[in-house]
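Chains A and B, in that order, give the protein sequences. Going by the working numbering, 41 is the number at position 41 of the first sequence; the sequence numbering is gapless. Adding 260 to a residue's 1-based position in the second sequence gives its number in the working numbering.
Don't take every hint at face value.
Claimed, not checked - List of simulated lysine-lysine pairs, DSS-like, C-alpha gap at most 30 angstroms:
1. A:Lys70 / A:Lys175
2. B:Lys408 / A:Lys175
3. B:Lys408 / A:Lys70
Claimed, not checked - Some chain A residues flagged as far from chain B (calculated, every beta-carbon gap over 10 angstroms):
4. Leu36
5. Trp41
6. Pro88
7. Met107
8. Ile109
9. Glu146
10. Ile158
11. Thr177
12. Glu240
To be verified - Derived DEER-like restraints, expressed as beta-carbon distance ranges:
13. B:Tyr405 / A:Pro88: 50 to 58 angstroms
14. B:Trp381 / A:Thr231: 36 to 44 angstroms
15. B:Leu370 / A:Pro151: 39 to 47 angstroms
Just so you know, the hints here were simulated from the structure itself, not pulled from any lab data. These figures come from a predicted structure and were not determined experimentally. All C-beta atoms in this analysis are idealised placements derived from N, C-alpha and C, irrespective of residue type, glycine included.
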Amino acid sequence: MNGITFGQYIPRSSFIHHLDPRSKLYLVVILMVAILMVDSWAAVILTVVYACSMVLLSGIPVRVYLESSKALWVILTITVAFQIFFVPGQIIWRWGIISISDMGIRMGILMAYRLAMIYLLAQLLTFTTAPLQLTEALERLLKPLERVGVPAHELAMIMTIALRFIPIFFEESSKITKAQTSRGANFQGGINSLRNLVAIMVPLFTRAFNRADELALAMESRCYQGGEGRTRMNSLIMTERDYLAMAVTTVLAIIIMTSF
Amino acid sequence: MQSSIQKMTRAGIIAALYVALCLVFNATSFGVIQFRPAEAFTLLPILFPEAIPGIFIGVLIANLFGGVGLVDIIFGSLISLLAAYLTWIWRHSFLAYLSPIVLNAFLVSLYLHAFFNTPYWYMVLSIGISQSLVIVLLGVPLITYIRKKASIPKE
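For reference, chain A alone in the conformation it holds in the complex (with noise of 0.2 angstroms):
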């Protein structure tokens, strides 16, 4: 695949890396409170320090994720942009019809900080966790949901389907692309290269539900017979490091939530 520019999982051994993916969920989920919260250049300062220590424990170089979050872009200049032009506030700036004011440029670095934390906070869940045991974390954390007619095993399931397949349909679809250029269509951008992707999501879909037909009969003859008393291979197991790590974060989300 193409490189390592999707956020998918880098295989090292460090401390992130081995918290159990349950405890990194929820690290991941109340620091994005948290960063949603802050309105202080004192928390702001905080969190960016904690974030990059979290990202330097990971043992992946900082490299991969500058490179790894172009898709942000995009979305970062049109807020900030549209932040610094249209906000109101003490105009310290005019140029025309454009002006510039102090509140602008304020909520347009919070809310650049927003975006590229929460961003980041993604990529450091994704590099570090292997999908299965996010899929796994899943199955667990909605287990009790159970009782209220989610489906937590059938989804975890489904979603373990799909990371199995995800590889083999990106080949597929690569060596469809090439058999339709190769007979003249055109997908090089414009409407009409739109137009030509039905020539390959026809052939794409056909082939991918005979799969799904396949793949269940290979289930059914095997006796799979959903989640009820399915044991696993690898169980996941908290310990110290993880209660030390909900711990911290804990603590500092509350700090930043109610001191700020």
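Since the structure of chain A is already known, use the hints to place chain B on it.
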């Protein structure tokens, strides 16, 4: 006869297709408007109810790999779940085609505006145009094809 296992594998396959297409056509854009051709699959609940969880999981994984972060992962996938469900409910009417366009345009822009203060109407317009084009140019031909092809068993 369709088994529940078959429904589950189909849902998984639809999710995988969604993510794979997002990865392949990551940078498909037309001027300032970004397209996500995989959104054409949001019409699948018209024919297959099992596509509802499939699209939900697909959007979840795709946003995990390349969205604008956690807000997108949680809210983006929930909005797609709602849109897919409504598409299935309204499968016999033209509303089925509208729900993925309208819900994404108005609600995705809403949470982007709420959390990041992005210009609301600009996002509504941009997402609305790109979703409509993908649905009309890709989704409708795909559904028409699957309807005609008898070898794919429907609900």
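Hint check, failures only | 3, 4, 7, 10, 11, 14, 15
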